[in-house]
Structure formats: C-alpha cells, structure tokens
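Undergrad: Letter by letter, the chains look like this.
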Amino acid sequence: MIYDVIIIGGGVIGCCIARTLSKYDLKICLLEKEAELASGTTKGNSGVVHAGYAAPREYIKRNLCIRGNKLYTQAAEELNFPFQRIGSFVVALEDSQIKVLEEQRRQGIQDGIPGLEVILDKEKIKYMEPNINDEVVGVLHAPTAGIVSPYEMTFALADNAATNGVKFLLNQKVRRIKHQDYTFTIKTKTQEFKSRNVINAAGLYAARISKLVGLDYFEIMPRRGEYILFDRNALHLNKILFPTPTKVSKGILVCPTLHENTFVGPNAQNITDKKDISTTEAGLKEILEAGRKLVPNLPVRSSIRNFAGLRAVPDTYDFIIDNTDIYGFINIAGILSPGLTSCFAIAEKVVEFLELLGVELKIKEDYNPRRLKPERFKDFSKEELDQKIKEDPSWGRIICRCETIPEKEIINAIHAPVGATTVDGIKFRCRPGMGRCQGGFCRPRVIEILSRELNIPYEEVTKRGEDTNFLIAKTKDLTLKEIEGGTE
Amino acid sequence: MKQYNADVIVIGSGAAGLAAAIEVKKANLSVLVIERDKELGGITLQCIHNGFGLKEFEEELTGPEYIQRFINQIKELEIPYILNTMVIEISNDKKLYAVNNEDGLIEIKAKAIILAMGCRERTRGAINIPGFRPAGIYTAGQAQRFVNIEGYLPGNTFVILGSGDIGMIMARRLTWEGCKVKAVVEILPYVSGLLRNQVQCLEDYDIPLITSYTVTKIHGRDRVKGVTISKVDRNFDRIIGSDKFIECDTLLLSVGLIPENELTLNAGAELSKNGGPVVDNNLETTIAGIFTCGNVLQVHDLVDLVSAEAKRAGQNAVEYVKNRYDKKSSKKEIIKCLSGENVNYVKPDRINKRDLSKDIIFTLRVNYPDRRVLIQLKDNNNNLIYKRKKIYVIPSEMVELIVNLEKNGIDPKCKSINIEVIPRPEVLIEEE
Amino acid sequence: MILNLSESSQSIVKVIRCIVCPTGCEIQAKKNPKGQISFEGYTCERGLEYAEQEFYEPKRILTTTMRVENGLLPLIPVRSDKPILKDKLKDVLKEIAKIKIKAPIQMGDVLIENILELGANVIASRNLIKIS
Chain A
1 MIYDVIIIGG
11 GVIGCCIART
21 LSKYDLKICL
31 LEKEAELASG
41 TTKGNSGVVH
51 AGYAAPREYI
61 KRNLCIRGNK
71 LYTQAAEELN
81 FPFQRIGSFV
91 VALEDSQIKV
101 LEEQRRQGIQ
111 DGIPGLEVIL
121 DKEKIKYMEP
131 NINDEVVGVL
141 HAPTAGIVSP
151 YEMTFALADN
161 AATNGVKFLL
171 NQKVRRIKHQ
181 DYTFTIKTKT
191 QEFKSRNVIN
201 AAGLYAARIS
211 KLVGLDYFEI
221 MPRRGEYILF
231 DRNALHLNKI
241 LFPTPTKVSK
251 GILVCPTLHE
261 NTFVGPNAQN
271 ITDKKDISTT
281 EAGLKEILEA
291 GRKLVPNLPV
301 RSSIRNFAGL
311 RAVPDTYDFI
321 IDNTDIYGFI
331 NIAGILSPGL
341 TSCFAIAEKV
351 VEFLELLGVE
361 LKIKEDYNPR
371 RLKPERFKDF
381 SKEELDQKIK
391 EDPSWGRIIC
401 RCETIPEKEI
411 INAIHAPVGA
421 TTVDGIKFRC
431 RPGMGRCQGG
441 FCRPRVIEIL
451 SRELNIPYEE
461 VTKRGEDTNF
471 LIAKTKDLTL
481 KEIEGGTE
Chain B
1001 MKQYNADVIV
1011 IGSGAAGLAA
1021 AIEVKKANLS
1031 VLVIERDKEL
1041 GGITLQCIHN
1051 GFGLKEFEEE
1061 LTGPEYIQRF
1071 INQIKELEIP
1081 YILNTMVIEI
1091 SNDKKLYAVN
1101 NEDGLIEIKA
1111 KAIILAMGCR
1121 ERTRGAINIP
1131 GFRPAGIYTA
1141 GQAQRFVNIE
1151 GYLPGNTFVI
1161 LGSGDIGMIM
1171 ARRLTWEGCK
1181 VKAVVEILPY
1191 VSGLLRNQVQ
1201 CLEDYDIPLI
1211 TSYTVTKIHG
1221 RDRVKGVTIS
1231 KVDRNFDRII
1241 GSDKFIECDT
1251 LLLSVGLIPE
1261 NELTLNAGAE
1271 LSKNGGPVVD
1281 NNLETTIAGI
1291 FTCGNVLQVH
1301 DLVDLVSAEA
1311 KRAGQNAVEY
1321 VKNRYDKKSS
1331 KKEIIKCLSG
1341 ENVNYVKPDR
1351 INKRDLSKDI
1361 IFTLRVNYPD
1371 RRVLIQLKDN
1381 NNNLIYKRKK
1391 IYVIPSEMVE
1401 LIVNLEKNGI
1411 DPKCKSINIE
1421 VIPRPEVLIE
1431 EE
Chain C
2001 MILNLSESSQ
2011 SIVKVIRCIV
2021 CPTGCEIQAK
2031 KNPKGQISFE
2041 GYTCERGLEY
2051 AEQEFYEPKR
2061 ILTTTMRVEN
2071 GLLPLIPVRS
2081 DKPILKDKLK
2091 DVLKEIAKIK
2101 IKAPIQMGDV
2111 LIENILELGA
2121 NVIASRNLIK
2131 IS
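Residue numbers (the working numbering), protein chains in the order written: chain A, 1 to 488; chain B, 1001 to 1432; chain C, 2001 to 2132.
Keep in mind that the hints were calculated from the coordinates and are not lab data.
Cβ coordinates follow ideal geometry from the N, Cα and C atoms, glycine included.
One thing to keep in mind: the hints can contain errors.
30 Å max Cα-Cα, derived DSSO-like pairs, lysine-lysine [what the hints assert, rightly or not]:
hint, chain 1, residue 1, chain 2, residue 2
1, A, K474, C, K2090
2, B, K1038, B, K1311
3, A, K70, A, K187
4, B, K1038, C, K2130
5, A, K474, C, K2031
Between beta-carbon pairs, the in silico distance windows are [as the list claims (entries may be wrong)]:
hint, chain 1, residue 1, chain 2, residue 2, range
6, C, S2132, B, D1093, 39 to 49 Å
7, A, P296, B, K1273, 41 to 51 Å
8, B, K1331, C, Q2053, 17 to 27 Å
These stretches of chain B come out as covered by chain A in the derived footprint (C-beta under 8 Å, 3 or more residues) [said to hold, decoys possible]:
hint, segment
9, 1174-1182
10, 1195-1209
11, 1214-1227
12, 1300-1306
Excised from the complex, chain A in its bound form (with noise of 0.2 Å):
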C-alpha cells in the first residue's frame, strides 16, 4: 500500500497537518517515535495563543501566527478543546519602556490585530489583574490572546483525524527514507512505509529527517525553559502576564492555566542534549525571580511540580516552511514560538503545497470536523451523574481524588481513537496525578486499570514507553531468585 501522505512527526503540529488534511479523500499516515503523541516540544509548552504582535515584520511566523490566531475560534469549537481569550499584558514597569509597548501597538493594529490598547491608568490595569505588581506603569492589552492545554489540544486534533482515516502509529522512530519513482520509502525499526508525499513535523529532530532525503540546509538546536506549576487555586490570575520584551526573548511569564493553575516560566538556555529535559537550581531560582517582578506574591510554598520543555530552535531564526526540491518532501522546522498559535496557519500552508504538487484534493463526503467533547464527571450535574452510574458503574469509581477522575475517564482515553498506552499518557489526558498530590493515591490505580484494559501484565506497565517501567517485580520474587541463585 501507498500512502498519499506520511507525517513524521506527531506533535501539535503533525497532529494539527493530519487533521486539517484528513478532511481530504486521502490516505494519510502519521509516525510517531514515542510511546505517546504530543511527547516532545508540544508537553513542555505554555500554552499561551499569541495576538501576534511580537515578531518582526519581515519573518512569514509573523503572519502566521496573526492568522492562526484567528484560525482558533472555529477549531476550538468543532474540536472541543479548551480554549480561553483571557487575554495578555505585556508589562512596563519602567516608564521608558511604554514606548516599546506603543510601537508594538501601531504595528499590531496596522496588521489587523483586534483590540491592542496601550493601558496607563494603574487603577484600570490593577482592576483587571490585582495581582499584578504595584509598581506597573503600563501594560499592553491584547484582548484576542488566550490560554489551551497544548497536549488536550493535540488529542484532540488527533482523534478527529483517526476518527476521519488518518492511521496513527507510535513507537515508530524513521530511520531511513528512499526517495525513488516518486515515492518515499520510509523505514522504522519494525515497518517500512510508501508514500507520495512527506510532511517532515519531527519538531527537535527535523533537521536529522530532512538529512535522511539528502536536504541538508539547516540545523535544529534545542533551547530549554523551565516552569514551575503551582496548585490550583492558590493565585487567580485574570490575564496572561509578560515582561516588555528585549531583544533576545519574549521573556518570562506568569499565566493561568485552563485548570485554575498557575505556572511561572520559560527561562531559555541553548542546550546541546535534545532530550535534556532536566529542571536546574539555578533555573528554578531564575524563573522565581523574573515571575516576582510580574506578581510579587507569588505562591512558592503551593509549587506542586516543576518542569522544562525544550523549544526546537533553527539557525535561520524564522520558521522553516517549504516545499522542499525533493518533489513531495515538505519540511515544517523550527517550530517555536509562537508555533502553537501559528499551527492552524501552517496547515493551510501544507495544503497549499499539496495542491502545488498536483495532489488532488477533494473533499470527502463523509468528513466530519467535529469531536465531541469528553466527558467529564465534573461537567455533570447530580441527576446526570446518577443516570451515567447507572449506565455505566466505572463513572462512580473515583480513581484521582485531587481531581475527582472515575476509572470511566481512564478507559476513555485508553480507547480513544489514539488512545492512552501509558500512565503519562492517561495523566495528559484526563488528568489523574496532575493534581497536588501527583499521582500519590491514585498511581496503582491507574497502572492497574491500564494493565486490564490493556491486557498487559503491571511490570509492562510503563510511565511513558519504552524503559520507563514502574514495577520490577513482584514482592518475595527478589528473595525467590537468590533462594534459586543457591546463595543459601
């Protein structure tokens, strides 16, 4: 079998590619090397949907991002992903740097960003965000940018897509690509592929994929930022809160999350290892600071978790989008920010390419753009959650008491259309673990329910795929192996 189209790479932006192709009457296959999808750049992200106005003018993610910030409002609809315009403050708090704000401003409202205003009044800006330091002179207020949970967002992109054809297949790493005849061959450990056409998403690795066709015109470098994550409820937080941006970067913020969190970060350090997601002292202290200059009472004492992600950083600083010389390889590199805000956009530009290419694309008759929302045990009323109990008993099974997740939950997103195979995927999914007790009660619950629904023993039971076991034994096996070892 030939595919029309094979994305490496299932991270928001393959994820977001498979789904806004998968309304096409075309043959799509996604690979993914992790045990999960959304297990790279896209986990370790803020989740902040960006008005637009920060890039510089002559970069395309400029564009993009303005646009697929746009793009947002209809896909969070059909998707039922969650989605907030809570909008942001980029924050002054020095009276030299207003002017910074006021250009951004200019320029934004020239390109078509809706809303921006510069704000001076300090009893205005106090009253839209108390928390927000004393000594703010002014903010910049772009009432379009929002808050969404990426990897939601990502499973939710995904199973629309599965749920429309496209195939999905994990623990998939590329190792060789043929390009011959006009069809790729495309290589993983187990499997070998064909397809027509192929989309390279492979986030901090897209630079090594684009090599494997020969197209060595650019590296990817990681560059890290770490948070911290902070317990529900113990600072409301009513708008997304930057730093007046340098040269060098957006800054550090403080941002609410669609769980009533909080989190503080991205610092960012260019790093060489791109699987060195480790958080550092120093990072953590750094983060804590530059939060403090935003909201002076930060919960530091209610930190329940903290974490880094790693941005895939090109050399060529703007986004990487190209239809490529190789006819039907085409790269989306150097995904970073504002990558998520921008991924609704860079699909369009892929189906643009694809039409480029002579690939027909025709709209299937059976394409269906919505998926439903999951349902949530929280989202019931009492009489509903009588009924669905009743219906089903795993609704009145609470696994996670933080944040009072029933087994139902669990199995749902263990046989979603990509469903969960892992404790982190379940925990991305519907959220056991993530709240502040993180994982503390509900862990052997969740290995156990994957270990019947996935009829695999608990020792199989892994924390995100391959050599992240949990358990190593059963108790009394250790002593039962040294009795037969002869020690005695």
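Following the hints, put chains B and C in place on chain A, whose structure we already have.
TA: Coordinates of chains B and C only, in the frame set by chain A:
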C-alpha cells in the same frame, strides 16, 4: 438517588474514623461510616510493622492487627458502613453527596459529621528537586502500598530522602524483600523519626543515615539512574562543592505529611496554619456540628493518639446531637490559642469560654529540638496560667498537655492564650 | 595489639544505642583482659537489661508478608509471635517467601509453626477474605 440518614456520618475508616464511629454507636446514636477504598482500615493496613497499640491495648501490635481490633468492634456493634464510596460534596446544611459504582449518586443527611480522611504525603514538586522526571520516584507511602498490599516491588536499589519513620521503616522493609537501600538522606542535622527506628531499621542493616544533606538532582531520563546529594547550611541552602553522586534506580520521598483538606474546605470550614482545620477544644470545626480527628486535623506520630483523639471527637459529636442540634446556638465566646516561641502549631486553635472548667487537651509540635525546656501558657495580658518542665522536645514528637484552665486561675475575660516552649531560666544561667 | 591492651585494661567491644526511651543512652560493652564483659553508660535498669540482651542475643520481631491464593489481596501481612534471633531473620524471610497460602485467613492463624525450629510461629496479622 439513593438516600441515607444517620445521626452522625463518619468520613474515613482508618484509625480515626473507626474509633469515632464506635464511640457514637456506644452512645446509642445511629452512625454511618463512608470509606473510599475497598475495605475498612485506611493507611494502617499497609503499616505491617509492629509498634502499634502500646497505649490503646497495652501490647505491641502490627498496624493491621491494631486496626483489625477496631474493625471487629465495628462488626460486633453492627455499625453500617459503605465501601468504595467517595464523598464529593458537603453542603452547609450537613447534607453529603457521595458516589460509588453500585448505588450511583448517594445523598446522606446527618445531624453531625466527623471528618477523618487522614493525610497525604508531600511530593517532589512540593520540595522542588531539580533534574529529570524519570520513572522510579515514589513517595514512601506509595512504595509501602505497592510492596505490602499490591504485591509489587518498585525498584532494586534505593535512596530514601527523609528520615521520618515511614522512610526508615521502608528502608528495612525493602532490605527484607531483597532490595538494596544505599542511603537515607536527611536535610536536618538530626534524624526526624524515632530513635528506635533509626537503630532497628537502619543501623541493624548498616544503611547509612546522611544528615544535613538533601537530594539536589535526579539523574536518568527514562528510569532513575542516581541522585546527587549535597550538604546544606543552616538555611538549607546547598553548600557548593559538597555534591556526591549515589547510583540507584529508585528514589523514595519521605518528606512529610499534609492533612487532606479537600472536603474540609468544601464544607466551608476554616483552615489553620498547620494545614488542618481550625478547631475548638471539642474538636469542632468552625462549622457547628462538623468535627474532625486524626491526621486530617494534625499529623500524629502514634496511631494510639489518633484513636484517643477520635474517641473525643465521637463523644463530642454525640453531645452535639443530643444537646445542641436543632437549637438556636448563642454566639460562642472563645479564647484563641496562639503559637509562641518554638511552637510550630497548637491544637485546639480556640477554647470555648463555657468549657473553662473542663480539662483541655492541648497538642503541639515544636519547631526545633531542645533540651530542658519549660512549656508555658500565658494570657494576652502576660499572666502566667500554667507551666511544665520537659526534659527534651523534638519536632517529630507531638507534645500533649492536659490543663484545667479554671483551676489554674485563668482570667475568664482574656482574649487569647499564648503557648511557648522556652529554655528553663536556670539552664540559661548555667550556660552563661 | 599488645600495646593497646596494656594501655587500657578494658577495651570497648560494642557500643549499643539504647532504645528503651527517647533519651537514647550510649551504652558501652567492655571486655577486661580476662574476657569478662561489663556495661557502662546506661542510666536505668531497663537500659542495662536491653544492653545485655542486645549484646548476648539480639532478637527482633519479624514483620513481613506472605503470598496468598485467591484472597482479596495477593499478600497477607504476617509476623513472628516471638522475637527471633537477629542473625536468623534472613533465613526466616527466605522460608516465608517460599510459601503460598490459601484464603480465607483469620488474624492470629498460625501459618508456619516453629519456623526453622527457632521457637517462634509465623502468624497472620489480619483477616483476609476469599474471592471467588
């Protein structure tokens, strides 16, 4: 919707919940116990080591044996209980909503409620250890559950952070199951658990106890490959150049317990500084008729003390149902209890003025260890009400005082009393 | 070696940390040239008793689990009903690991009688019901 009614509802069936329920039943009131797990007993079931019951039963028992005695009483007294049931809401008029997979949503009406949900363990996030987030990091209690109840071993080689009792007991438990415990690392300059556990769980097996050190980095992307530990100064800041690497595949965290507050907050009760609810001398929260006991109120170091506290909560709930429920309550006049020098927290948080003639049980923890101290109660006008000598105090050991404030001549008009643990004046003179 | 002995007529052969109360006295077991043992550093009679026991015949109560067939749980907590010689704990643990017992079980049931002839029984620490 299934409905239940009871004079008193007890949430949680651990050492606290069961003891409270038994007291209520003995007073001939109806009581219902709600448990979220599949059997009665709570965390005590996984504490299979001995050392329980010396106060309650005057013999040394294991955790399961201790709790089995209470479970047997529950069955003898025919106290009703529902298992696998999670309370999701407590309304102001003491209506509870709970779910389980047999009955669906359950509505329960009660005259009084006893909160006995216990506590949870502090996690890595709460102490912000930098490094990777691989598989192989567990809280000590979670590992205990895996090894003792679920029947699985979480690793081969361990480092345990925190020298609390659970951490040390797990060190021995894992050694007995054939695992290797490389070290127990403690950030404080002294062991936090009991001496007996230090001797019998660590020294017996030559497990090094490394004090004034903490884990400063976790290594390994997929599975833990080791930890870096570093010496800390008095402010718990890492001393540069003191890093040591220890190879291990599992890190256990035994870094403290926190009362589980979800339902307490949901019920609208006020919380105090130590994390548990604000209570008066009857263990009644700021909501009339809602009582609390055990580790949800304050983290105890002996289960026997949990049972004793729970009995009081049970008796007080009975008193409430019999005498105060459905009556217009006059506004309570109270005296606040404040934590003074070297007092981390004190319970109760407040004393009802009408109870001044009763013996009041104070429980407190100190901030740092000290020897030859004086525990003093003074009112807000600096009048000394009570004092007691103590040879030593340590943060891991709860101090209990029983004081009759009226007999000690408290000024009934005072607004607050301050409790402090100070060096004895004669000791100060000696040391000068 | 000879020098050492002549320097002090008594040599410390073991330091025992007393766990009878939280004072935690350090009790020294000393040996004189004739090989007689004496104890120093205890502050109460119970401390001396403890030190003697620890020196001559240290014993511990063993608490562990045993595998169960068709029980509500895969393991049952068990303990030795009397203290067991410290040196023998490992052997006892191996013996217990070999055995799998059938539910239902009652607290106090003797699961292994006089284990390894050490004079202690291994008993169940709780009730465990059978599942069908």
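Undergrad: Evaluate each hint against the coordinates.
TA: Results of checking the hints against the structure:
no.: 1; hint: K474/A to K2090/C; result: holds (18 Å)
no.: 2; hint: K1038/B to K1311/B; result: holds (24 Å)
no.: 3; hint: K70/A to K187/A; result: violated (38 Å)
no.: 4; hint: K1038/B to K2130/C; result: holds (14 Å)
no.: 5; hint: K474/A to K2031/C; result: violated (46 Å)
no.: 6; hint: S2132/C to D1093/B: 39 to 49 Å; result: holds (42 Å)
no.: 7; hint: P296/A to K1273/B: 41 to 51 Å; result: violated (22 Å)
no.: 8; hint: K1331/B to Q2053/C: 17 to 27 Å; result: violated (60 Å)
no.: 9; hint: 1174-1182; result: holds (count 3)
no.: 10; hint: 1195-1209; result: violated (count 0)
no.: 11; hint: 1214-1227; result: holds (count 6)
no.: 12; hint: 1300-1306; result: violated (count 0)
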